[in-house]
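Novice: Keeping the supplied structure of chain A fixed, place chain B upon it in accordance with the hints.
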Amino acid sequence: MLSWDPVTLSRVLTGLTLFVHIVFASIGVGIPMMIALAEWRGVRKKDPHYTLLARRWARGFVISVAVGVVTGTAIGLQLSLLWPTFMRVAGQAIALPLFMETFAFFIEAIFLGIYLYTWDRFKKPILHLLLLIPVAIGSSASAFFITTLNAFMNTPQGFTLKNGVFADFQPLVAMFNPATPTKVSHVLASSYTLSAGLLAGIAAFSLLRGRRGVYFKKALKLTATAAFVFAVSTAIIGDFSGKFLAHYQPEKLAAAEWHFETMTKAPLIYGGVLGENGEVKYALELPYALSILAGGTPNTNVIGLNEFPVDERPPLLIHYMFDLKVTIGVLLVLIPFLYLLRRWLPKGKNRGKGKGGYPKWLLLGIVALGPLSMTAIELGWMFAEFGRQPWIVRGYMKVSEAATTSQSVGSMLILFIILYLVLCASCITVLVKLFRGKSVDDEMRELGISGGERK
Amino acid sequence: MSYEIVGITVLWTFLFGYLIVASVDFGAGFFSYYSVLTGHENKVHNIIQRYLSPVWEVTNVFLIFFVVGLVGFFPDSAYFYGTALLVPGSLATVLLALRGAYYAYNTYGSSKENNKAYMAVYGATGLLIPAALSTVLAISEGGIIQEQDGKVILHWSSFFSNPYTWSVIILALVSVLYISAMFLAFYAGKAGDKDAFEVLRGYALLWSGPTILACLFAFFQINRQNPEHFRNMLNIPWMFIASLICFLLAVYFIWKKKYLGWSFILVILQFGFAWFGYGRSHLPYILYKQVSIYESFTNETMAVALITAFVAGLVVLIPSLVLIMRLFLFDAKYVRGESPKKG
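In order, the protein sequences belong to chains A and B. When you line the first sequence up against full-length UniProt numbering, it's residues 1 to 455, in that order. When you line the second sequence up against full-length UniProt numbering, it's residues 1 to 343, in that order.
Here chain A stands alone, though its shape is the one from the complex:
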């Protein structure tokens, strides 16, 4: 591994940092929204269960924010450390959104600090709830700014190239490039889905363990319903993203679909393997589906990969990432939908026996929502990033021209692998301890709330 060239090593290290950061960043974007929802219901319905829910979520949330902050700092610094040539050429193009992202995060950090330490300080509970608005706006705004930057690297515009340097920069044109709307909304919606799914999973897990209190049922209802709404929006925006790709980044869509010849009535290929001569075997072929995905009608002309020079094609491996992510997306809509239909579901033998009246398989499915959506987010980002290879700024600068020339990237990679292992393991340990340490029932008794475990 150490004998790889700095470019490959830089790619691996950046990829690794983002791989870790994305999970915590998505949680950081979505959970404030969920906490706000719970607290809002608590205030509006004067229901202390929801307030307690918000409180417990917030407590765990800080731990994940900490890891999100430090991995975010890492990627912020690595941009300059690993890609100095890229920063020299495009640094001015990307500094503005980065700068604004930091501002948004600053606001979020300040108000989160206030929120956590003012649970009982205001006379009116609504004032405490209002503190969450800047937190949620701040976290979503930082996702917005950072994603516009990534969108810019996919569909760059708003500058001219003079002697190899980006010049005459128009910041707003660059920020609101064609990729921005679909990318930003997909990132936000999928982060909300992940967070709702994770929290739903926790509630379902408690019910599976035989906890029957009404607290858990309320938690499940709020989170599973939210997960359904968010998953459906993610899927709809995903469809827009497909149309965007067909128009602006046809090589990415073509590589994802193993679509070589430009044609109308293009079929969509699901799964399969690629033979030596580029023929597709064992795949499920859906006629017209790719044309419909790309343009809404079967007669849409979909550009094939053969139109692009070989050294400008993305790796064909992204096909699997795309398929897997879409499959998971379907599951993410389906599972919470089944929850919404719970009254009409066939009643199994176990129903009502210590599972809060839900079928066991449904609860297991809901527990899986978190890991599934996490996988989908990782796959989605990997698809988006591998899919623009070999470019770092599509059409202008290749990845191989942008990396550091330093010979020490290998040892830094090992250092960061150890760091991330330590961080993730310790984060999970601390979170588990935190929730085991103080059970819901104890806390409800402490706060004088009824409706805990009915024995």
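Please keep in mind that the hints were generated in silico from the structure rather than gathered at the bench. Each statement offered as a hint is correct.
Under 8 angstroms between C-beta atoms, here's a sample of chain B residues computed to sit facing chain A:
id, residue
1, 71
2, 75
3, 76
4, 79
5, 87
6, 100
7, 101
8, 104
9, 108
10, 305
11, 313
12, 317
13, 324
List of simulated lysine to any residue pairs, SDA-like, C-alpha gap at most 25 angstroms:
id, chain 1, residue 1, chain 2, residue 2
14, A, 162, B, 4
15, A, 398, B, 148
16, B, 151, A, 5
17, B, 289, A, 405
18, B, 116, A, 422
19, B, 190, A, 114
20, B, 151, A, 163
21, A, 123, B, 327
22, A, 162, B, 3
23, B, 151, A, 414
24, A, 398, B, 149
25, A, 123, B, 324
26, B, 151, A, 7
27, B, 116, A, 418
28, A, 124, A, 136
Every residue gets a Cβ at the ideal spot worked out from N, C-alpha and C, and that includes glycine.
Specialist: Leaving out everything else, chain B in the frame of chain A:
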């Protein structure tokens, strides 16, 4: 004033903000751990923890601001510093990551008792990080980063054998402890916590001597390292004299146990004068003789956009900072610990 000067002033101010806030933070982490080790725990630990908890996230942001702004205003500096600082920069990143995470684990994660292992991580990193970051100042004096055959190289041997490097590291270490102790003494005084105040005042006085000695040592090492920079410093002697006067007054006030608020403001002014005097005489170079603010400046549109974003950001940021300070710093009830703790 030209955009170049505005840009570098904005960035230098941010770095100064980081210097003060982070020093308080890093030093507090160290003192907090030290107090638990030596059994002074109940005296000072709680008051330190009460200050640190709501603000720890804010500190990191100052640093990122600086780095991002530097790349935006002066893209060439990213190229030189980015390539050369891969190893020290990554090490500092790892330390920052460990410190942030373990701070949160100890404060929010563990149940009532302090986890000594967690505290050791952020106490120790609290001293290592300033040492690692301060070396950039030594590098910026030139001679250590060189470009050969289109590759940027950091000369480790001349870096470590240089007395100036070590003088900057020592200065960073002692001033972190000094700034932090001065602030915490003021904070404890504000809370009316006599025991904590006495301990922290002791720390502040203890570290004041080494701080001024380290300042003088670094000051004269600049002359050996970079005579041109030193001559520029002598052209604005009033700034360094003002710094010294602020130092003497601050220590006098804390010695007499009065005007504690002013005492800490004087500490800020002491470092402010020295910091801006040092920065001003360093101009026009960001990296001596290789990156100057005039040659590597971003284009004008971007400069205007960055400055606009900066002003707009401040409009939101300053009221928020005032709010958090009113809630946690200047709220006597909170400082005394009468308000309920974390949720």
